[in-house]
Amino acid sequence: MLSNLGNILLFLNVILSLSIIYIANKNLKIIGGINKIIFQLNLIQSTSIITCFFVLIAAFIVSDFSLITVYQNSHSLKPLFYKIAGTWGNHEGSLLLWAIILSIFSFLFLIYNKDHPKKFRLLTLIIQNILILGFLFFILFNSNPFSQISPIPSEGLGLNPILQDPALAIHPPLLYVGFVGSSIYFSAAIASLISNYSEKSFSLSIKNWVLISWCFQTLGILVGSIWAYYELGWGGFWFWDPVENASLLPWFAMTALFHSLIVFERRNIFYFWVIILCVITFILSVTGTFLVRSGILNSVHTFASDPTRGIYILIFLSLMIFGSILLLFQKYKKENYDLNRNSKETFILVNNWFMMFYLITVLLGTIYPIFTDALTGNKISVGPPFYNTIIFPVVAFFLLFMALGPKTKWIKNKFENITIYLLILAGAAGLNLAIIFFFKSYSLLSNFIIISALFLIISSLMDVAKALKKNKLDFARIISHTAFGFLVLFIGLNDIFSIEKDYNIKLGETKKFESYSIQLQSLDLKNYKNYQAVIGKLVIKNINSNQTNILNPEIRIYDKPKTLTYEAAIKTSLIKDYYLTMSNIDRSDYYNVKFQKKPLMAWIWISVIMIVVGGLVRLFNNAKNN
Amino acid sequence: MQKIIKIIILFILLFVIGIFYISLTRDTSYNTSSLINKETPEFKIISFDESSLYTRDDIKKNNFTLINFWASWCAPCKIEHPILMKLSQTKNLMIIGVNFKDKEIQAKTFLNNLGNPYDLLAKDENGKQSVKFGIYGIPESILINKDLMIIQKFVGPLSVDDYDNIIKIME
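If you're matching them up, the sequences are chains A and B in order. Per the working numbering, the first sequence starts with residue 389, numbered consecutively. Per the working numbering, the second sequence starts with residue 350, numbered consecutively.
Source of the hints: derived by calculation from the structure; they are not laboratory data. Treat the hints with care, as some may be off.
To be verified - Derived BS3-like pairs (lysine-lysine); straight-line CA-CA distance at most 30 Å:
| no. | chain 1 | residue 1 | chain 2 | residue 2 |
| --- | --- | --- | --- | --- |
| 1 | B | K450 | B | K477 |
| 2 | A | K925 | A | K914 |
| 3 | B | K410 | B | K387 |
| 4 | A | K722 | A | K506 |
| 5 | B | K352 | A | K889 |
| 6 | A | K889 | B | K481 |
| 7 | A | K857 | A | K900 |
| 8 | A | K722 | B | K450 |
| 9 | A | K894 | B | K452 |
| 10 | A | K894 | B | K457 |
| 11 | B | K477 | A | K721 |
| 12 | A | K985 | B | K435 |
| 13 | B | K450 | A | K588 |
| 14 | B | K387 | A | K985 |
| 15 | B | K435 | B | K457 |
| 16 | A | K985 | B | K452 |
| 17 | B | K517 | A | K721 |
| 18 | B | K352 | A | K722 |
| 19 | B | K410 | A | K899 |
| 20 | A | K894 | A | K800 |
| 21 | B | K435 | A | K894 |
| 22 | A | K588 | B | K352 |
| 23 | A | K900 | A | K917 |
| 24 | B | K440 | A | K507 |
| 25 | A | K588 | A | K721 |
| 26 | B | K387 | B | K440 |
| 27 | A | K900 | B | K452 |
| 28 | B | K387 | A | K719 |
| 29 | A | K889 | B | K457 |
| 30 | B | K457 | A | K900 |
| 31 | B | K355 | A | K899 |
| 32 | B | K387 | A | K899 |
| 33 | B | K435 | A | K889 |
| 34 | B | K355 | A | K719 |
Work the whole structure out from these sequences, hints included.
If you want it as structure tokens, here you go:
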């Protein structure tokens, strides 16, 4: 029943998209406003695709195992929350989520951009609907979440236990709004090229969309990191895993994009650069999807792969790339930038160079193993050493530019009071020395990065003082930039001051190291709805401060599917996290215990949230000014 | 000039997509079960102290050989270690440990702390030799008989069942 309803709704959407394309195309040739029917069709389109998604959610809730997707990813005993989250935790369901976001953004873009030329709006709509059609066909003919299975199984296979987590339930939707949200400015960019709409008002039509997708993308990456931190049990939060990289690549492009949009809006230059960035962002999003879904990358979270999926996305990707690039070549006119080397424009351009540098580095690191494998048969993996060596030294310079850039003036700038900057730099270096002196740790690179992070923080905070006097405060920028400075600072400090110890320990045994002692006091067996857990009680004692903490790491045995997972026990405080994982050693009384002390973890998360808050403030201001 | 740049860009993109296509059509699901009942490939692995080379001749000397791929950074390797220690006490079985992409000091500490079950210890610093055995993740172990035939492959940490299995096969 649900299967038929879902399929009917999907077909309805195909028809709606085709009619929107047809009517919009006809409307292009007629003088006058946009045909009202187009608005209505768009509204129906968004509503019906959302309904379609609710049908799938319903199938998950009632555990309708006649649908293959439900059978493969759910189980009747699963808690309701994870039944619902299971809807988008798999390939088919998540593609439906893609289609929803494409449609909703298409509708919202149409109704919120009334001041822009009709031709541009209609073309954007047409291109966006071509994308929607592409995804609908993919869903219908290759990855249909409503495909049936016969005979109907009495029970489902269950959702991978490490995916049964609240953070992971919201991680994909957040990331998809970012990823897929970039489709709308891809469509707008292509429409702008076709309709020769290259005035600076073009930037107004897309800048909020860029910001929205950027905010969600950042949050999505953050939630993914938090999940990896407490679920994967390695104690890290970023692993340079290909799938993580896939989410980072469009983020770099988006960040570059909304910075150059500022220049475009203000000075009416960089038009083609903006267009290229719009195109790159969405192409990278689709490339990321391709890499993750086709199974050509081996990674912790690759979806069950099926080569035909890969072929489909690859064809889609190629059409997009070559279509947009040929159009761009045809329309490209050389722009003469008469840029003063010392001006805000140049500084923003420098930001873009940095972003492109990061983007290319991460892109190379991600696809290089694919290349060596295809060309030479060598299987290699590019790991953290590559990224850490190439990216981190550059971050130090990046932060310095980030501190100076916003203080520059448009067109022609003159740095006044260079002594102030030197003083700030000296202050930052002094603070850093104090950190080394009091906490006794040293690493050249981290210190370099910490100094520049402090430089950025101090100078951003001084901006607040200055701006308050003039009553002209760019809060959004200050919050985001300062928070980014803090983020790098906390990551640096965290890197220097983390402690990691690894022991095999018996019940009742105590191990001592530095100023800590760790004791395995007791073990407890508990039964839960869908798993059994061996819960350890470990007492961590700080000998200096006589403070004790009790941590309870778990070894979980899930029934459906039968899996063993290790749950880290984390004690978070504002200053530090204690992080403990425990695993059993077969046929022995020993447990392997890994203890980590990780300073300032909470502040790393808070900094990222503040970066997003900056973006939201900008969005709010933009809305108010309109 | 502009034309050349355009052609180069197109060429690069075509190349990337071409590679993606080739990767898609390649068999990337590393199914190594086909190795079972086949002869051990020729190999030359350097010993851990770099004093000698181990080859197939070292396998021929024993009734059964278990080649175990491990590293100090691999948590599941710790889990299977007690099983290996137990296996090391059985007769008729030679255990060759191949230390995979590891640092020497850390590997030594690992064995000092948990015990050394290996009759022969070799290393594969860049992971190239292990590829011949179809190793794509560690721990992984291969059971080989006197005639160089691969009898069994164990992907992931050895379990108690695997232990019983190995003992059974050897009987």
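Verification of the supplied hints:
no.	hint	in the structure
1	B:K450 / B:K477	holds (9 Å)
2	A:K925 / A:K914	holds (13 Å)
3	B:K410 / B:K387	holds (19 Å)
4	A:K722 / A:K506	holds (27 Å)
5	B:K352 / A:K889	violated (59 Å)
6	A:K889 / B:K481	violated (35 Å)
7	A:K857 / A:K900	violated (55 Å)
8	A:K722 / B:K450	violated (50 Å)
9	A:K894 / B:K452	holds (28 Å)
10	A:K894 / B:K457	holds (23 Å)
11	B:K477 / A:K721	violated (50 Å)
12	A:K985 / B:K435	violated (34 Å)
13	B:K450 / A:K588	violated (54 Å)
14	B:K387 / A:K985	violated (48 Å)
15	B:K435 / B:K457	holds (19 Å)
16	A:K985 / B:K452	holds (24 Å)
17	B:K517 / A:K721	violated (76 Å)
18	B:K352 / A:K722	holds (13 Å)
19	B:K410 / A:K899	violated (44 Å)
20	A:K894 / A:K800	violated (69 Å)
21	B:K435 / A:K894	holds (19 Å)
22	A:K588 / B:K352	holds (28 Å)
23	A:K900 / A:K917	violated (37 Å)
24	B:K440 / A:K507	violated (83 Å)
25	A:K588 / A:K721	holds (16 Å)
26	B:K387 / B:K440	holds (24 Å)
27	A:K900 / B:K452	holds (25 Å)
28	B:K387 / A:K719	violated (60 Å)
29	A:K889 / B:K457	holds (17 Å)
30	B:K457 / A:K900	holds (22 Å)
31	B:K355 / A:K899	violated (65 Å)
32	B:K387 / A:K899	violated (48 Å)
33	B:K435 / A:K889	holds (26 Å)
34	B:K355 / A:K719	holds (13 Å)
Of the numbered hints listed earlier, those contradicted by the structure are 5, 6, 7, 8, 11, 12, 13, 14, 17, 19, 20, 23, 24, 28, 31 and 32.
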